[in-house]
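Each protein sequence line maps, in turn, to chains A and B.
Its first residue numbered 1, the first sequence is counted upward by one per residue in this note's numbering.
Its first residue numbered 499, the second sequence is counted upward by one per residue in this note's numbering.
Think of the hints as simulated: they come from the structure by calculation, not from any bench.
Take the hints with a grain of salt, since some may be wrong.
As the list claims (entries may be wrong) - Mimicking DSS-like on lysine-lysine, the simulated pairs with C-alpha atoms at most 25 Å apart in a straight line are:
1. A:Lys-377 <-> B:Lys-705
2. A:Lys-448 <-> A:Lys-437
3. B:Lys-710 <-> A:Lys-309
4. B:Lys-710 <-> A:Lys-322
To be verified - Output of the computed footprint for chain B on chain A, the stretches with three or more beta carbons under 8 Å from beta carbons of chain B:
5. 349-359
6. 365-377
Stated by the list, open to error - Every beta carbon over 12 Å from chain B, so not counted as near; a handful from chain A, in silico:
7. Leu-102
8. Lys-160
9. Gln-176
10. Thr-177
11. Tyr-248
12. Glu-260
13. Arg-382
14. Asp-475
15. Asp-490
Even glycine gets a Cβ: it sits at the ideal position worked out from N, Cα and C.
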Amino acid sequence: MEPILTMKHIRKTFSSTVALGDVSLELWPGEVRGLIGENGSGKSTISSIAAGMQKPDSGEMIFQGQPWAPKSMIDALHRGIGMIVQESGTISGVTVAENIFLAELDQFKRFGVIDRRAMNRKADEALAGIGVKDVQGSTPLAALDFQARKLVEIAKVVMKQPQILVVDETTTALSQTGRDILYDVIKRFRSEGRAVLFISHDLEEIMDVCDTLTVLRDGARIRDFKKEEFEPDAIRTSMIGRELQGDYYRSDFTPSRLEEIALKARHLQSGGALKDVSIDFHKGEIVGIGGLSHCGMHSLGKVLFGAEKPESGSVTTADGTKITNETVAMKHGIGYVAKDRDVESLALNTSIRDNIAIAGMERYALGNFLVTNAKEKPYVDRQIESLSIKCAGRDQLVSQLSGGNKQKVVFGKWIGRGSEILILDCPTRGVDIGVKKAMYELMTSLKKEGKAIIMISEELPELMGMADRLIIMKDGVVMKEFPRSESLSDAEIIKYMI
Amino acid sequence: MAQTNLAKKNRTRELLVALLPVAALLVLFGALCLTVNLKGYRLDMYLKIVFNEGVVLAVVATGAIFIYSLGSFDISLGASTLFSAAIGVMVYNSTQSLPLMICTIFGVAIGCSLLSSVLASVFHIPVFVTTVAMMSVLSAVAAQIITANGGALGGIGIPATVVAPLDNVPFKLIALLVFTLICVFVFDFTKIGRRLKFLGSNPVCAKLSGIKVNVYAIVAFVMAGLGVGLGAFLTLVYTPSVTPTTAGSIGMNILVAIVFGGMPISGGSRSRIYAALVGGFSYILLNNILKIVIDSGAGYGISQIVSAVFFLAVVYVTSMNYRTKLLPR
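Pulled out of the complex, with its shape left as it was, chain A reads as follows:
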């Protein structure tokens, strides 16, 4: 049997970053191969080269016995390799059907006019083909949430019946229902003798879904694991290059906080997203807020930061200042790490320096006006150093960083300015275990410094592992508050979420 895809000695550099040194990879019929590694290890780069998103600097690719050099992602998809990307790959201003058939609208033309009914029908079929029944082709994409948009992307790729499906950290955007849909697609690929390249930071998931596993580190292939060799600690050690055993959450199980209240939310009402939400956040406390994706917790984060105005209710600081917008929030020491990192937290085509400095200029600007290199460079370098941001230098574009390092830049932006209250919305989304560990340690040390941390997350283990107090929301309502406890179980929490 021949491999479906062979990649030999692939090398790729971005500016001064060597994304792939000399990586070779094979993919066999019926194989689901996991790619795992820290952020910046080269997983997305190698898979995006296979899927035509970019070209290698050198190396050779053979797909189904023929040399493989796709001109674009669309070319690759039409010829047999489709990819679902990590971040949003859809266009907002048009319908679901138009997104699915974006490059192929001509097939629906009748006398020069697009037959929308036929196009919508075909889109409905594509969605139904992967088991999505509640999204229609005629629906404007803007009306869908992030998960539904991801499912539209999956339908778009699967519809083309590619021989290889590349799934790049897609599951972080999906709930269990969405994940089950994707897992079914993967099973179908395996049973039909096609292949899947599956990228995820969730070790448990990757061990469950994949048949084989390739570990990448710093742009090099480190080790392959067969299903029977899967062992979490061994995989982690290969990924990081050092021993990393057990979990990485707080080891204590005693809730603690300072008496002083840092932020007060009172009777917050915001459409259907928040219904009479009142919470006190104390200094020196990590408050975890969890629930299903639409429970209102993400809106709560924005309202607490003043980025969304509630219909009624208020958010006030310890000194009684009402938080009415982001500027007031920042003046009172509030920082906000948004869930949608690439859109809301970073300016991608801007340097690390600008991204970190933008929120903290008043810390070093002379007369709160004049910005000099002499003050700014050390300020930015301190954040790069203390957060161990892997980069070629402060002037490197953020778009050239891996997901975990981008998130570190976001943390640097808010920690550097000395935020006393940190609202972290899905702070570890799409980051590897090494970065996760570093972030949890950082949160613990910030708590010790007396800072108030509000951690919004869709990952129950991290909420249970880190929070002093866990607040569960459902349909905009606070359903239950759990104090930190060793005996707290998933089952106990989940019944308040669903």
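Take the given structure of chain A and dock chain B to it, following the hints.
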């Protein structure tokens, strides 16, 4: 070691790319000298024309960089220059006061910019719409003022002797340099400039980083207004009369000039003040070369087409350079 060498190589490549517009300016300058000599024209006369036209375009474009850095643009700057100059002339002719004329020109220019920005940011009307509307209104009002007061002459003006002492290279050069230095200072060394560039890079993130989007948009338009004011005054210094076609094409020329100068039309952190200077003079040099080479009634049209081709080529090359730097995520 390999990483360091690669970083060094990339920095060198980026520096070379950044220097390309300056190299193009020098090439165009050489080309003008060569063309004028080959045709047997007077070089000093052409250099004077290029300087006078270039100074006005560079000054207005320098102010406009603040708007372009937001990823926005203002097509009404030419009309605003004309309107400010026309009002300035009217004020001088009524009061015989040069300082009052200068103040009026700046006041009107900033007022026009403020109006555009307030309409755009406070009432959430797209900038394109407000500036197109402003261009029409200002051109029409200025033409009305000029026609009503200029009579058979087709234009209005101030006595040449009033501004003659200022119509020299040192004065204009100093005006250009001082304004450029002020703009560089504000743009690169103050919170205002840094925030404007960030706002152009990602307005959503900028808002969530505490930047008041509307306030900074207004600041950008005010800075552009200062450039328009100075440009209008320098126009009067060069030719002390105003006709309905004065500065008419500046609005579009700025866009081309800024791109020639190496600034991306999407604005953001790669915005540079020098792009206006380099691009402004490059554009005027190119225009004059084409006028000499083509040397016919069709010259203007053809030079516009050649400029457009250059414009598209520069935009394509800069966007290619940018695209190859992106990681997949």
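Results for each hint:
For the hint pairing A:Lys-377 with B:Lys-705, the CA-to-CA distance comes to about 23 Å; that is within 25 Å, so the pair holds. A threshold of 25 Å between alpha carbons decides the hint, and for A:Lys-448 with A:Lys-437 the separation of about 17 Å falls inside it, so the pair holds. Between B:Lys-710 and A:Lys-309 the alpha-carbon distance is near 16 Å, which keeps this suggested pair within the 25 Å criterion. Between B:Lys-710 and A:Lys-322 the alpha-carbon distance is near 18 Å, which keeps this suggested pair within the 25 Å criterion.
Chain B is given as covering the region 349-359 of chain A, and this holds because 7 residues of the stretch bring a CB closer than 8 Å to a CB of that chain, at least three being needed. Coverage of a stretch by a chain is defined here by at least three residues with a beta carbon nearer than 8 Å to that chain's beta carbons; for the region 365-377 of chain A and chain B the count is 6, and the condition holds. Here A:Leu-102 stays apart from chain B, with its beta-carbon at least about 19 Å from theirs, past the 12 Å limit. No beta-carbon of chain B comes within 12 Å of the beta-carbon of A:Lys-160; the shortest separation is about 20 Å.
Against the 12 Å criterion, A:Gln-176 stays outside the reach of chain B, whose nearest CB is about 24 Å from its own CB. The Cβ of A:Thr-177 lies farther than 12 Å from every Cβ of chain B, with a closest approach of about 25 Å, so its non-interface assignment holds. Here A:Tyr-248 stays apart from chain B, with its beta-carbon at least about 24 Å from theirs, past the 12 Å limit. Here A:Glu-260 stays apart from chain B, with its beta-carbon at least about 24 Å from theirs, past the 12 Å limit.
For A:Arg-382, the shortest C-beta to C-beta distance to chain B comes to about 18 Å, beyond the 12 Å cut-off, and the non-interface label holds. Against chain B, the non-interface label of A:Asp-475 holds: every CB pair exceeds 12 Å, the least being about 26 Å. At roughly 30 Å, the least C-beta separation between A:Asp-490 and chain B is larger than 12 Å, which holds for a residue marked as non-interface.
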